[in-house]
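Participant: Here are the chains, one letter per residue:
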Amino acid sequence: MDRMNAIVALQQQLQQYGYVAERSLAATLLLTLDMPRPLLLEGEAGVGKTEVAKALAALRDTRLIRLQCYEGIDAHAAMYEWNYQRQLLAIKALESDGRDAAHKEADIFSERFLLKRPLLDAITCDEPPVLLIDEIDRADEAFEAYLLELLSDFQMSIPELGTVRAQSRPFVVLTSNSTRELSDALRRRCLYHYLDYPSFEKELLIVETRHPQASAKLARQAVEFAQSLRQMDLRKKPGIAETLDWVAALLGLGVTTLDEEGTDRIMDCLSVLIKTREDRAELTREAVARIVATC
Amino acid sequence: MLTTADTAGNNFVLGEILVARLAGFGSFLRANDFRIGTAQAGDILDAAGRGGLLEPQVLRWQLKALLCGRGDEWRRFDELFEAYFLPPNRQALAESRSAGTGRLSRKSDGRDGSEGMPAAQAEGAAPDNDAGSAAKHGASQEESLAQADFRHLNQPDETRAIEALMQRFAARLRHLRLRRERIGAYGRRLDFARTIRRSVSRGGWPFELAWRERRRERPRLVLLLDVSRSMSLYSFFYLRLARALTAALPDIYCFIYHTRLNGVSQALRDPDPWRSQEQLQLLSAGWAGGTRIGECLAAFNREYGCALVHSRTAVVIVSDGYDTGEPKDLAQALAQLRRRARRIVWLNPLAARQGYAPVSRAMQAALPHLDLLAPGANLASIERVLPQLLETLT
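These protein sequences, in sequence, are chains L and X. Note that the numbering used here numbers the first sequence so that position 28 is 28, with each residue one more than the last. Note that the numbering used here numbers the second sequence so that position 193 is 193, with each residue one more than the last.
Calculated directly from the structure, the hints in this document are not laboratory data. As the structure is a computational prediction, the values presented were derived from the model and not from experiment. Hints may be right or wrong, so weigh each one.
[What the hints assert, rightly or not] Distance windows between CB atoms, simulated:
id	chain 1	residue 1	chain 2	residue 2	range
1	X	Y356	L	D184	38 to 48 Å
2	X	E383	L	N83	23 to 33 Å
3	L	R280	X	P368	46 to 56 Å
4	X	R353	L	A142	38 to 48 Å
5	X	L190	L	Q155	52 to 62 Å
6	L	D184	X	L386	37 to 47 Å
7	X	L386	L	S110	53 to 63 Å
8	X	Q57	L	K275	34 to 44 Å
9	L	E127	X	P273	52 to 62 Å
10	X	L190	L	N83	38 to 48 Å
11	X	A39	L	P212	22 to 32 Å
12	L	A145	X	R339	27 to 37 Å
For every residue, glycine included, the Cβ atom is placed at its ideal position computed from N, Cα and C.
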């Protein structure tokens, strides 16, 4: 039963840092921490993939280093770059120096002139940081292959400087929205967790954790509203992030309960939940009133 | 059951049984279409050794994290876990590819018949379809439960010609340029950072220049093939085209649709032709039935739209335009697709006929949203239309 106790303990710790995790996610995280392997998180937008890494960093009291991937990201943007301008200045300054060329060169290609990008930063930390590689599916295959090499032995070779080995193994969290199929090699190397839209109970707990000032009734109604929106055939379904924003907006407007008289005020701040024109058109005043009536 | 390991006395023997049982789970999942390497057998034991052997729930979570690699595997895992580890369910759910029934266990009846015909229909007996419907042609509403005969997928006669054409097409696609840049030896724009970097070795003199050149990048292709009954003459031809193209291009996704939509990229990509056939066989339920283009496109938008279609994607729809769904649905789905995709091309086999005019209601609804409507009934007409197609894709 030790393992189960450890899982429950981790779950409670996460909640202290404001992240509500299912027990299965806690089990995965525990495995990530002691195997240690990268964790690949997939799921719809706004279900809290990035938050996992943040909570993990808070929990372990370490730095969170984030690498946001985008189409066309290359090794230089992700790993390191030489500070050319400073190098040039140094060369000019060294011209009057009497030392031989080899010494000068060693000087110019020293760590002083190295600009650390997130990946190099992560493997040169003293304390193992949490490395969040966000939206890995946006980067192209070439970069993914590059990353694979780094994730398997946590070392990086810089031609002018030599091989940099990780002083401590970072905890790696990768997130993906599956805009591109990731390679099997990468998937095999990672632990995997799929985050779904939360159940009613979980979402309610999240809202209560993040917005303790909201009344129990409002929280319950808001969550029910969001849950029924997800049942509809919308182009962009609201995630947890949207629900939280919406509750904040309702609180800001001084709404204490959702009722049919207050439909106007709900319509006013619906833009927090609904992000496309088609969906907005679908949610007429009558439709909203109907959903509110069932909450 | 897992709880047999609790006595410390004969731990060794039990350990061995457990190890074999756990290691067998990997191959069980592999037989159920999980992409798992053999190296992962060791990982299973490692993860299980970290606790959880006595707690099935914990073991389940840990193995799930370890062995799943994608969303569909994640959703199927629980059922398979129970089937493997919980004795009462085991017989009921256990299924393996070697036993002939895949995870989509469908009836595999008659496999004789001519190309493109549903097998049951070609045999003269339609076990799942009522006999009367065999005479119906054109668009029909009902789902066909018959399966198609995929033997002709690998027929040698035309295959080489198709492959050659598709390779030519792929090579031409490779020359399409998009607005991305990379560092190169020649180009139009100077790469300053790189030039300065190179000048360091020359004592600060920019002696070697670095340029930014335009990167070549293929558009992603998404093929949506209509395999309804009215298309039965052409659907195999297009499937073979798709198979050849899949082999030649890395970034291509293929779907077949009739009354429902099925992804077939994985099956087509399989280098083993027989295994590929077998997988298609499983996916082919509904082959040569009715058509609901609008609904299928809407399903595509809903399930794959965000994931597959981006600003470099060209969507190629193959259909004769005989649709039993509402033209309104089709127009709406196409309009939605239009906003995401770079190009939408519609290949219509009927358009090769003389005097063809896109007058069917579905074609009328679709036309405003298309970049190109082209004929394509056989290899020759595809070849003729290829330059036009390439032009549209740039």
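Participant: Taking the hints in turn, state whether each one holds.
Facilitator: So, going through the hints one by one against the coordinates:
1. Y356/X <-> D184/L: 38 to 48 Å: holds, 44 Å
2. E383/X <-> N83/L: 23 to 33 Å: violated, 55 Å
3. R280/L <-> P368/X: 46 to 56 Å: violated, 24 Å
4. R353/X <-> A142/L: 38 to 48 Å: Once the Cβ atoms are compared, 46 Å apart, the range 38 to 48 Å for A142/L and R353/X holds.
5. L190/X <-> Q155/L: 52 to 62 Å: Taking Cβ atoms as reference, L190/X and Q155/L lie about 33 Å apart, which means the hint is violated.
6. D184/L <-> L386/X: 37 to 47 Å: violated, 33 Å
7. L386/X <-> S110/L: 53 to 63 Å: Holds - the Cβ-Cβ distance for L386/X and S110/L, about 56 Å, lies within 53 to 63 Å.
8. Q57/X <-> K275/L: 34 to 44 Å: holds, 37 Å
9. E127/L <-> P273/X: 52 to 62 Å: Between E127/L and P273/X, where Cβ atoms are some 54 Å apart, the hint holds.
10. L190/X <-> N83/L: 38 to 48 Å: At roughly 19 Å between Cβ atoms, N83/L and L190/X fall outside 38 to 48 Å, so the hint is violated.
11. A39/X <-> P212/L: 22 to 32 Å: Since A39/X and P212/L have Cβ atoms about 47 Å apart, the given range 22 to 32 Å is violated.
12. A145/L <-> R339/X: 27 to 37 Å: holds, 32 Å
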